[in-house]
Amino acid sequence: MSVIALHAKQQPDKNDVPASNRAPLPASPAVPLAFSLRGITKGFGDKTVLDGIDLDVPQGQFVAVIGKSGCGKSTLLRILAGLDTPSSGTLTLAGGSASERRSRIMFQEPRLLPWARIGRNVEVGLTGIAKGEVARDLSLQILQAVGLADRVGEWPSVLSGGQKQRVALARALVAHPFILALDEPLGALDALTRIEMQQLLERIWQQQAFTAVLVTHDVAEAVALADRVVVIDEGRIALDLPIPVARPRRHGSPETARLEGQILDRLFGRG
Amino acid sequence: MAKTATNTIARNLAGWLLPAILILVWEAASRTGLISESVIAPPSAVLAAFIRLLATGELAENIGVSTLRALSGFAIGGSIGFAFGLANGLSRLSRDLTDTTLQMVRNIPHLALIPLVILWFGIDEEAKLFLVALGVFFPIYVNTLLGIQGVDPQLVEMGRIYGMSRRQLFFRVILPGALPAIFVGLRYALGIMWLTLIVAETIAASSGLGYMAMQAREFLLIDVVILSILIYALLGKLADSFARLFERLTLQWHPAFQPA
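Protein sequence lines, in the order shown, are assigned to chains A and B.
Using this note's numbering, the first residue of the first sequence is number 30, and each one after it goes up by one.
Using this note's numbering, the first residue of the second sequence is number 34, and each one after it goes up by one.
In short, the hints are calculated from the structure, not lab data.
For clarity, every value in this text was computed on a predicted model and none was experimentally measured.
Do not take every clue at face value.
[As the list claims (entries may be wrong)] Some chain B residues well away from chain A (every beta-carbon gap over 12 Å; in silico):
no., residue
1, 46
2, 84
3, 188
4, 192
5, 208
6, 255
[To be verified] Just some of the chain B residues that point at chain A, by a computed CB distance under 10 Å:
no., residue
7, 50
8, 147
9, 183
10, 185
11, 214
Every residue gets a Cβ at the ideal spot worked out from N, C-alpha and C, and that includes glycine.
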């Protein structure tokens, strides 16, 4: 029944595109696809959650997926991360070897091991990839990138919610994934920590040039971070909107406000 | 550092304040004739009995015999309970097959089996080992199972996503997550261990602390009876202290064990 094709699509003309001049959308032919979804459906029992999703995402793009609760956006993310299999349709991931196709998912909860120190928690991200000294060095480097290198020897219980989520981000990124799936990772944080985390996420995305898929129900967050916002309604893509705003973006500029309005209108069927 | 060390010592000593006062009051009551010597021997007499039995080597021998019994019974029952707890926590099939039976057996007070055990084993070592092992089995089993079932499924999912093998998942996620509950079972089991041994030794034994107490009763040596009871209390406290020390060492990550 389920058809998932994981083609190792070779990209001979794969050229490195610097983060600064990445085309937001439409995908310029120079940028190869990171993944492609074709006719993805997913049902649980009688209930159809996803009803034919087609989506092509170029490498290095930041896509935000928005929708009301229960619209199937988290299911879409879980399919992309390989945690669920679609009822039908195909998911094609680009990249050659398994390590080039590596995807990671980050959840709303940090899901850190309470009995492992911060450094060891980040090293979980290197399970089966690196060990010992190498793993320790890589973990420390990524902890530096999220600004927590000095907490490497602490227990998770002494960290704040935002710091824990930064450790979770470090763990997800330490093995340099090709795709990072984010399932409302900032949903449980307070407003100020949230803005800080958004800036951190944007900076790291620009440095590491992975493809990011962010599921959120915060329209402002989507517009602040994404190159492209996809609105899902009743299991289908209802809107696919490029966000051609130059980075770094400012919260509350007229341009973003207009785009937010457009998305909200579509979400509440006023478009 | 020095100040916190002094504080810790002071706090540990505080726990011994009440027993010390009780002993002083008890001695005073005995001396003034408030308590008859035939009801409870004064602490000084108990101390004298302690020194007397220590000198003959009788006391050390009996403590040795009892401790060995307690620990062997604990090792047998504890490891079987732990193994069943792990198996039933990790495998639904194993749980479906054995849990109902184990829960039924659990509801039989194990000390009710004493007549049967005497019939089977007489008053040999096996009788005591069997009873202690049986008594210790259930708290360890129930709490290990509970601990494993209580491990956060989100953490298990996280471990799977990051490609942990079954072995890694067990040692890095499931076992550490179950450890606090396992320790609850361990400390509870230590209490049951002494309780079972006292009863078993009082009823069916030819050596050990319980036997020593029963012999003393025959000869109306109240001081020795009380000495045995006090030694049981101390051994119980000692076992619990070891368990707590081990707990502190392995659960450093737990907020309850971190210095405030």
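So, against the hints stated earlier in the document, which numbers end up violated here?
3, 4, 5, 7, 8, 9, 11
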